[in-house]
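Q: Read top to bottom, the protein sequences are chains A and B. Those letters in the first sequence? Residues 58 to 831, by this note's numbering. Those letters in the second sequence? Residues 10 to 603, by this note's numbering.
Hints are not guaranteed to be accurate.
[Stated by the list, open to error] For each label pair, taking beta carbons as the anchor points, the in silico distance ranges come out as:
id: 1; chain 1: B; residue 1: 289; chain 2: A; residue 2: 121; range: 53 to 61 Å
id: 2; chain 1: B; residue 1: 179; chain 2: A; residue 2: 282; range: 35 to 43 Å
id: 3; chain 1: B; residue 1: 289; chain 2: A; residue 2: 458; range: 25 to 33 Å
id: 4; chain 1: B; residue 1: 478; chain 2: A; residue 2: 381; range: 35 to 43 Å
id: 5; chain 1: B; residue 1: 183; chain 2: A; residue 2: 814; range: 24 to 32 Å
id: 6; chain 1: B; residue 1: 494; chain 2: A; residue 2: 607; range: 39 to 47 Å
id: 7; chain 1: A; residue 1: 351; chain 2: B; residue 2: 188; range: 40 to 48 Å
The hints are simulated quantities; they were obtained by calculation from the structure and are not laboratory data. Computed from a predicted structure; not experimentally measured. For glycine and all other residues, C-beta sits at the position ideal for the given N, C-alpha and C.
Here are the chains, one letter per residue:
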Amino acid sequence: MAIERAAVIGAGVMGAGIAAHLANAGIPVDLLDIVPTGADQRSTIAERALANLKKAKPAAFMQRRAARLVTPGNVEDDLGRLAEADWIIEAVIENLEIKRDLYARIETVRKPGSIVSSNTSTIPLAALVDGLPERFAGDFLITHFFNPPRYMRLFELVGGAATRPEALAEIRDFADRRLGKGVVACNDTPGFIGNRIGIYWLQCAVSEALEAGISVEEADAALGRPAGIPKTGVFGLIDLVGLDLMPHVLASMEQRLAPDDPFHEMFTVPERIEKMIADGYTGRKGKGGFYRLNTAGGRRVKEVIDLATGDYGPVRRPRPASVAAAKRGGLRALVEHDDPVGRYAWRVLARTLSYAASLVPEIADDIVAVDEAMRLGYNWGKGPFELIDRLGTGWFAERLAADGLPVPALLETAAGRPFYRVEQGRLEFLGIDGNYRAVERPEGVMLLADIKRLGEPLARNGSASLWDIGDGVLCVEFHTKMNAMDPDILALLRTALGTLGNEYRALVLYNEGEQFSAGANLGLVMFAANIAAWDQVEAMVKEGQETYLALKRAPFPVVGAPSGLALGGGCEVLLHCDAIQAHAESYVGLVEVGVGVIPAWGGSKEMLLRWQREKRRPGGPMPPVAQAFETISLAKVATSAAEARDLKFLGADDGISMNRDRLLADAKARALALADGYVPPEPATLTLPGPSAKAALDMAVHGFRLQGKATAHDVVVGGVLANVLSGGDTDVTEELDEEALLALERAGFMRLVRDSATQARIEHMLETGKPLRN
Amino acid sequence: MASYNTPLRDMRFVYHELHDLDALAELPGYEEATPDIVDAVLEEAGRFCSEVLAPLNRTGDEEGCRLEDGVVRTPEGFVDAYAQFVDSGWNTLSAAPAYGGQGLPHALDLMVQEMISSANMAFGMYPGLTEGAVNALEAHGSEALRATYVEPLVQGRWAGTMCLTEPQAGTDLGLLRTRAQPRDDGSYAIDGTKIFISAGDHDLTENIVHLVLARLPDAPHGSKGISMFVVPKFLPGTDGGLGEPNAVSVGSLEHKMGIRASATCVLNFDDATGWLVGEPHGGLRGMFTMMNAARIFVGVQGLGLAETAYQNAATYAGERLQGRSLKGAAAPDQAADPLTVHPDVRRMLLTMRAYVEGGRALGAWVSSALDTGNKHPDEAHRAEAGDFVALMTPIVKALLTDLSSEVTNLGVQVYGGHGYIREHGMEQLVRDARITQIYEGANGIQALDLVGRKLPAHFGRHLRTFFHPVQTYIEAHADDQAMAPYVGPLAKAFGRLQRATMWVAARGLADPEEAAAAASDYLRLFGLVALAYLWARSAEVALGQLDGDERDFYQAKLDTASFYMLRLLPQSGALFSTMMSGAAPVMRFDASQF
């Protein structure tokens, strides 16, 4: 049965977030909760949850419209609605009796073949279905989301002995393709994979820090950058998760884990934490947690708790010698270092990694699932087995033994061999039987990382590489810092165009960085501006225009495949593609005005053309100009691919991939579909209104200025943008070609970049990462 | 013996006409620096230098310093000259009035320093080092240290030194070994040997205050483990007088190529008493406070020597009769024509002149930014001036001292054999100038400072303070026909500098060795473009004054500017090509074959 409608019961943070994300996938969903005693508004809990979802930061919905798909209700009056649902998700409190009562009620109304799942984080499936009807057990499984459901990619899937294989396959496929999740099959054990290891690790990091007198900053400095678990540091993560959640999860785990499980050493909630929770320091949602923002005296000072005294003080930046050593010598240098922080890092890693290693095959069939779960669910840079490989399995086992710690059987099996190896360009992992097998990707998943293991790029420079991704399709990968566009990337794009023809018939722009491209390399522009090398700045602008125009007019299809940020120059390159296949989590915008310039690599022109192509718009030359002006002058950034479509960064025909891992395959398929009989677009012409339109736009900007919504330099930048978009000195009797628009963009950019107020904006952005409002 | 006539006309030109430094009098604290006062100071200082200091230059060089019973004796006449120097207040021109200084701009003080260096560079070493010590103590010393030391130093009763170098630690101060052990009373016991200590001991002042870099017991390795200490020759007494001698002794005097009247000592610290200046392990900051001012001073020393070489060579060439003009006899009634008829002699004289006058304009530009950076009421102006000084300090130091070496050598060349013998003092200028390329950070280190620190900092923010005014100037004069002969070559060379700068930034980021291999050529290219800008502006001033009373002076400016643009600035092309060849020609050579 295809999933076309869903219901979520339990409108807490998780349930509501899951409902929102189902809506993001276009699925109508009922969100039900109990009727509070004595409430007039019987669905008030779900209604308030929906209202909060709309305000959530980061946003729970990918676009406003999606909220309309969520219908609030209550489990007394609206239980009958469950009969419509193909998938019913239970996300109520972690109480076995309450859950089982609810299942009994669900069973009375749900339609045959519908699937029921629990979002429990700790309770095994066997306990949940024990004694329930066979039909229910056959349709029941555990689907464990992580918070926040839209953003955390881990999706733990647990089937029971009675669960129908088709039901498991249905949910696996839906979660993967429609919800974009990384589905990890778990065995039916308490806490599954993520929380079993993750909570153990958090407890371990806190209690070891308390014991060794390690400060919060030192712990984060050691476990953050060098170990990458997580990149943000461990205490910041607990603040995000919520300190008060930990005792609940711990209690539930304590109840269910085998008595000899090492986890039992971890169950005591430290006094310091208990006191913090009692005082309302429950994390970001409360007054703060280990870190807090002190806004007293009108200044925002980030403070941190002294674990020994409980007092808060300004955050310091410790530089332990062990962390410095790790910069050069890697993770092993960190844990081998004999300073307090190095010893601390070793204790935490030794206990956490060996615990993780001891849990396979109990919690999962293989190490790949465990690593994937910790990366996707707890933001670890590398999973536990990947980390042990960095230390060396042999070294790690010896050191454990030397410290009198138990050496897990799997490490004995490895016998000094790595958990992962590359054989003939293929990634392999060590099975529990001691044999290596290939890491399999699901059908339709294509990773550039895998392709890169197979061989060398066709071309490469310091900023980008050109890969053959099969079937005559090329891929340009950016690899600068934040994937900022620079002359080397432009050069490689031209190389790619030169390589097309004969064997190769389509090009995909894709990379596996966190950001597709955060914009042009401002540092380079700033440097050139600082030495007044205006001819070189202009040459860079021209080079970008020519390269992007060449992409557009090439006799081959070019598909842009963004994920993460695609801003400024990184957005402009997409606007020149024949098609875009965007990851749902793409944040797209022309933000140039924030640094006092305008889109000048053809972006202003392309936005005009996009609005001009729009069928449902008022007639005349003015509306596209006004729309493009609004989008660019307000530096609107789409916070999802869906929103990018509303803002016209994506066209109606452009595709969205919910799953990051499927983006490349989807983009490649699109490129191949376009390649047959491909005809490049005709050079476009524009009829623009000229000075009268500029005058109208200028007046609007002055209005904002008077209201205090625009700054003095906003007026200058707005004026230049208005001049470009309205076509300069043209009038409606004249047709302008693309080159004419590019010349206007270039002149406008050069006018602005020479302005000291623009230079101040660029400098401020580079120095502080924040825009300057001058 | 070389004589010295203060180039007052050119100094006034630079101060009043080219840079309009009279505007400095508008900064709070510099109200005294009116045009009248400035001219009076220049004139009097010039008189003192030519009448008192210059006559001691040759004798000081011949006689040198002597170590007698552990005490250094300066050459005959130095003690008396120093007393006069202090009495006249030449050491306190730019010092703060609170300590008895006169509160005049550094721009003016550095012109006086140029005169002193022209007349007698070795003499100038003694008060010159004191100023660096004052700067470091003022910036980093505790209140108690400042109260004890600054006033007697400013007033010239005491003198200062900078004790950095050790036998094994020259440019690489990370190798320092001198130790500082805390004592119970808050002082430190200093142990170690310092070499090359200028003015390390002498008989000019009653006390000498050594600023010593040393390591505390818990110091980290390398240059981050260096602390600064003040170690006086005589411990301060209770009533402002002198107490016991400290355990600092002169091991020996170095025998040097030049500045032989300057006492360069080996100093032994043997359980000597010192006090910490600034933070523990923060000595490098204190050292840079001394160094930055000192580096500009060294550039000006080079300029001073070059000036003396030029004016003596010019006079000599006008008087010395040898050969005939190739166009026929210019002075048929004499046995031969003066040297100035010969193209190659003129080439040498004009090269000397163009570098000296251009260098003077550069020194004043940068030193006036020191004043703006110190005194301007607006923070943004102070910060910008600070950026400019930081950027230009290595250029002033290295360019002016490299040019000084070239100019003083040309001075010998114009004199021929008479330059090579000691009698005329021209060879002394070459010897004296040579050290300026070495001390206060060898010129190669200056170039690395420029490309490694100043250029990449804040995405090139320091560069803006130079490139933007020059670019604006070029654009403003793009259609000015009269200025075309000056602005045209400037624009061409400036374009090379821009491209070279982008190249260094991009290459240097990828491979620091590329930037390092290009550094010295890049610095010289930068410096020559800076001189070109100042020569263009000088020409602009001169063009406006050709109808006045001083036509000859301004015409000479124009002709020198023209010579610079056509005969010296074209080096920029060769420098550009040289550095663009990259590091490979320098680095691929097998070191075992050296």
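Q: Give a verdict on every hint.
A: Right, here's what the structure says about each hint:
no.: 1; hint: B:289 with A:121: 53 to 61 Å; result: holds (59 Å)
no.: 2; hint: B:179 with A:282: 35 to 43 Å; result: holds (37 Å)
no.: 3; hint: B:289 with A:458: 25 to 33 Å; result: violated (43 Å)
no.: 4; hint: B:478 with A:381: 35 to 43 Å; result: holds (42 Å)
no.: 5; hint: B:183 with A:814: 24 to 32 Å; result: violated (43 Å)
no.: 6; hint: B:494 with A:607: 39 to 47 Å; result: holds (43 Å)
no.: 7; hint: A:351 with B:188: 40 to 48 Å; result: holds (43 Å)
Violation of the numbered hints given earlier is confined to hints 3 and 5; the remaining hints are satisfied by the structure.
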